[in-house]
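Enquirer: Given the sequences, and given the hints that come with them, work out the whole structure.
Per the working numbering, the sequence shown starts with residue 1, numbered consecutively.
Because the hints were derived from the structure by calculation, they are not lab data. Quick caveat: nothing in here was measured; it's all calculated off a predicted structure. For glycine and all other residues, C-beta sits at the position ideal for the given N, C-alpha and C. Check each hint, because a few of them may be wrong.
[Unchecked claim] Derived DEER-like restraints, expressed as beta-carbon distance ranges:
1. Pro78 to Gln56: 26 to 32 Å
2. Pro127 to Ser49: 28 to 34 Å
3. Arg99 to Arg125: 27 to 33 Å
4. Pro127 to Tyr90: 18 to 24 Å
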Amino acid sequence: MPSTRSWVVATITLAGSLLGGLHAQEAGAPKTAKSLMTGSEVYERGCASCHGPDGQGVPAAAGGPAVPDFTDCKFSSPEADPDWHTVIEYGGPVRGFDRLMPSFRDALTSDEIDNVIGYLRGFCRDPRWPQGDLNLPRR
Numbered sequence: 001m002p003s004t005r006s007w008v009v010a011t012i013t014l015a016g017s018l019l020g021g022l023h024a025q026e027a028g029a030p031k032t033a034k035s036l037m038t039g040s041e042v043y044e045r046g047c048a049s050c051h052g053p054d055g056q057g058v059p060a061a062a063g064g065p066a067v068p069d070f071t072d073c074k075f076s077s078p079e080a081d082p083d084w085h086t087v088i089e090y091g092g093p094v095r096g097f098d099r100l101m102p103s104f105r106d107a108l109t110s111d112e113i114d115n116v117i118g119y120l121r122g123f124c125r126d127p128r129w130p131q132g133d134l135n136l137p138r139r
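Expert: Structure representation (structure tokens):
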């Protein structure tokens, strides 16, 4: 079983390579509306390695921190989109989340961040939970 330190180093290395890969895509011509990544593309390239392909998170069996389960509507629906945007843009510590959540501000446009927020919202499949500021379940 790897130590927590080795897990942290591996996570930081993985996040750095993901950010580098996302950033490299922007190095060419300026982005146009056509070249923006969709929410699912952003998620697959920059989020799924930690948050899991199904949004349920990668198990913390390696001694790392537990990753939020986006399919848990109680977790994923109450926050307003600007709060999600801030965490994705500036990283976890800006809102008191884990420091291992990296900043994507140099890798994604604001529109791409909005696209992935829309995609993340789809992991909550219970229609009784409204998105954003209204955090009470519908009855």
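Enquirer: Now look at each hint and say whether the structure bears it out.
Expert: Right, here's what the structure says about each hint:
Distance hint check: the CB atoms of proline 78 and glutamine 56 are about 18 Å apart, inconsistent with the given range 26 to 32 Å. For proline 127 and serine 49, the Cβ-Cβ distance of about 29 Å falls inside the hinted range of 28 to 34 Å, so the restraint holds. A hinted range of 27 to 33 Å for the beta carbons of arginine 99 and arginine 125 is consistent with their spacing of about 30 Å. Taken as a hint, the range 18 to 24 Å is violated for the pair proline 127 and tyrosine 90, whose Cβ atoms sit roughly 31 Å apart.
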